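As given, the protein sequences belong to chains A and B, one line each in that order. Just so you know, we're using our numbering here: the first sequence kicks off at 1 and counts up by one. Just so you know, we're using our numbering here: the second sequence kicks off at 1 and counts up by one.
Fair warning: there could be bad hints in the mix.
List time: in silico DSS-like cross-link candidates among lysine-lysine, alpha-carbon distance up to 25 angstroms [unchecked claim]: (1) A:210 to A:255; (2) A:210 to A:159; (3) B:76 to A:311; (4) B:36 to B:68; (5) B:60 to A:319; (6) A:221 to A:268; (7) A:83 to B:17; (8) A:181 to B:68; (9) A:81 to B:76; (10) B:17 to A:304; (11) B:60 to A:83; (12) B:36 to B:60; (13) B:17 to A:109; (14) A:210 to A:267.
Short, incomplete list of chain B residues facing chain A, as computed with Cβ under 8 angstroms [as the list claims (entries may be wrong)]: (15) 4; (16) 48; (17) 50; (18) 52.
No lab work stands behind these hints, which were simulated from the structure alone. As the structure is a prediction and not an experimental result, all values here were calculated from the model. We put the beta carbon where it would ideally sit given N, CA and C, even for glycine.
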Amino acid sequence: MYGGGYIQDDDIKQPSNGQEDPRLLAEFEARINAGEKIEPDDWMPAEYRKQLIRMIEQHAHSEIIGALPEGTWITRAPGFKRKMALMAKVQDEIGHAQLLYSAAETLGKPREEMINDLLSGKSKYSNVFNYPTPTWADSCIITWLIDAAAIVNQVINSKGSYGPYCRALERICYEESFHLKLGHDCIVELATGTPAQRKLVQAALERWWKPIIHFFGPPDKTSVHSEKLMRWKVKMASNDDMRNQYLSTYVPKIKELGLVIPDPDLKKDEATGSWTYSDPDWDEFFRVINGDGPCNEERLAVRKWAEDNGKWVRNALQKASDKYVVPLA
Amino acid sequence: MVSLDPRINRLDLQERKEETQPHEHWPTWEVFHQKKRGAQAIHVGIVHAPSPELALIFAKEQFGRRQKSTNIWVVKSSEVFTFQTGDEDMFETTPEKSYRDAGGYRVRDKINAFKKENQQDQ
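Can you make the complete structure from the sequences, with help from the hints?
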């Protein structure tokens with residue numbers, strides 16, 4: 001669900017120096033132009049493969065890490081129904097990671113390598129999950145507004161050119177629709193509730209507004225725009241286009257609940273459909289992506305713990321014939 | 001590091017001693033899902049598992065936890081044989097295949113003409 005609209009694109013700035021066979025490249029581009037999908041055993045340019053692995057892998061990591069800030073609220077969810085729903089939702093996210101890792105694996109990167117790259121910090125995940133969920137309302141904001149942003153991103157990307165990624169995204173989008181309704185239900189319950197509940201959800205919205213604006217990445221005018229990735233249908237829409245689409249849909253839904261968005265300058269230009277907002281501190285965005293966020297250390301530490309402490313289970317399942325032997329002394 | 005979650009604060013968090021090794025997460029299995037009795041089993045994706053039994057258990061969790069399901073099949077990915085997708089032009093035999101379709105056979109006009117002719121003869 002949490003494909004950050006933002007692709008880390010340090011490498012995109014450098015043109016590929018590998019020369020591709022012009023005939024194969026022309027065939028490949030003609031296929032994409034004709035709206036056909038690329039399958040794993042098709043010829044593809046090295047750079048296409050590399051960027052897809054990077055993007056799908058980051059998407060998968062985001063699902064795994066994104067489960068943590070919400071997962072922490074399962075034990076404290078208010079009531080049995082909320083607990084069941086949140087468990088199902090978090091399980092879905094882990095399932096999405098599985099689907100996405102599988103799609104990335106078809107491009108030739110083994111799953112173990114992707115896990116190692118996540119845990120060493122080499123590979124990134126959606127920036128929003130480096131922020132904490134101090135209250136139940138924060139968890140609900142993720143379920144509603146972060147999932148909503150992810151859906152905008154995923155619906156667009158499901159029209160991309162790589163078959164396995166599109167298939168995974170279609171299934172993911174289908175499941176996400178439940179998350180969106182669940183999140184909305186949770187927020188509406190708080191926003192139409194007691195003064196204390198309203199205060200709780202308003203405070204959470206204020207904490208999350210900046211990360212929400214960050215979600216789709218820096219504005220187009222500052223971000224590197226790769227014409228080639230658009231042509232190859234790896235990247236399907238610009239950061240600003242996705243953000244505008246998101247704001248147009250969700251700002252009215254937030255406002256109808258009487259919640260106040262903490263940005264007096266937020267407004268839509270009805271003629272162009274584009275939104276203006278006050279500076280959400282893009283320096284902070286880059287600081288957090290590069291490790292200096294409130295929860296970066298915790299998120300990775302927890303995943304490392306899980307991977308390391310799951311090792312004996314994996315080994316036991318692999319070699320069921322290994323018998324437990326009582327120590328000699 | 002202090003977490004908001006007391007359970008995390010109780011964990012013994014350490015740097016990794018060893019990276020996850022190749023194949024530690026097991027080989028892959030292709031999963032086929034059958035929605036209901038009478039329906040086809042349809043390929044839905046893969047799982048990683050060390051044995052067919054566990055592949056079925058993981059597939060049940062991954063692909064059977066939400067929608068109606070009657071059965072699941074798994075088969076080791078390495079046991080599946082395919083053509084190359086790029087060779088799809090081998091399926092293009094003759095462009096005109098109406099002789100294989102029900103719609104390729106229209107007789108009503110002929111019958112009507114025949115009837116009309118016979119009526120005139122009488």
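Right, here's what the structure says about each hint:
1. Note on residue 210 of chain A and residue 255 of chain A: the hinted pairing holds, with a Cα-Cα distance of about 17 angstroms set against a maximum of 25 angstroms.
2. For the given pair, residue 210 of chain A sits about 28 angstroms from residue 159 of chain A by alpha-carbon distance, which is inconsistent with the 25 angstroms threshold.
3. Distance hint between residue 76 of chain B and residue 311 of chain A is fulfilled; the C-alpha atoms sit about 23 angstroms from each other, no more than 25 angstroms.
4. For the suggested pair residue 36 of chain B and residue 68 of chain B, the alpha carbons sit about 7 angstroms apart, so the restraint of at most 25 angstroms is met.
5. Restraint check: the Cα-Cα separation between residue 60 of chain B and residue 319 of chain A comes to about 22 angstroms, which is no more than 25 angstroms; the hinted pair holds.
6. The straight-line distance between the Cα atoms of residue 221 of chain A and residue 268 of chain A is roughly 18 angstroms, inside the 25 angstroms bound, and the hint therefore holds.
7. For a cut-off of 25 angstroms, the pair hint linking residue 83 of chain A to residue 17 of chain B is broken: about 35 angstroms separates their Cα positions.
8. The suggested pairing of residue 181 of chain A with residue 68 of chain B holds, with an alpha-carbon distance near 21 angstroms, which does not exceed 25 angstroms.
9. Our distance criterion of 25 angstroms between C-alpha atoms is broken by residue 81 of chain A and residue 76 of chain B, whose separation comes to about 38 angstroms.
10. Restraint check: the Cα-Cα separation between residue 17 of chain B and residue 304 of chain A comes to about 10 angstroms, which is no more than 25 angstroms; the hinted pair holds.
11. Taking the CA atoms of residue 60 of chain B and residue 83 of chain A, the gap is about 22 angstroms. The hint holds against a cut of 25 angstroms.
12. For the hint linking residue 36 of chain B to residue 60 of chain B, the alpha-carbon distance of about 14 angstroms falls within 25 angstroms, and the restraint holds.
13. Restraint check for residue 17 of chain B and residue 109 of chain A: satisfied, since their Cα atoms lie roughly 23 angstroms apart, inside the 25 angstroms limit.
14. Between the alpha carbons of residue 210 of chain A and residue 267 of chain A the distance comes to roughly 15 angstroms, so the proposed pair stays at or under 25 angstroms and holds.
15. With a cut of 8 angstroms, the hint placing residue 4 of chain B at the interface with chain A holds, because the nearest CB-to-CB distance is about 6 angstroms.
16. The beta carbon of residue 48 of chain B comes within 7 angstroms of a beta carbon in chain A, closer than 8 angstroms, and the hint placing it at the interface holds.
17. Annotation: residue 50 of chain B was flagged as interfacial toward chain A, and the flag holds, the nearest CB pair being 5 angstroms apart, inside 8 angstroms.
18. Checking residue 52 of chain B against chain A by beta carbon gives a least distance of about 13 angstroms; that is not within 8 angstroms, so the hint is violated.
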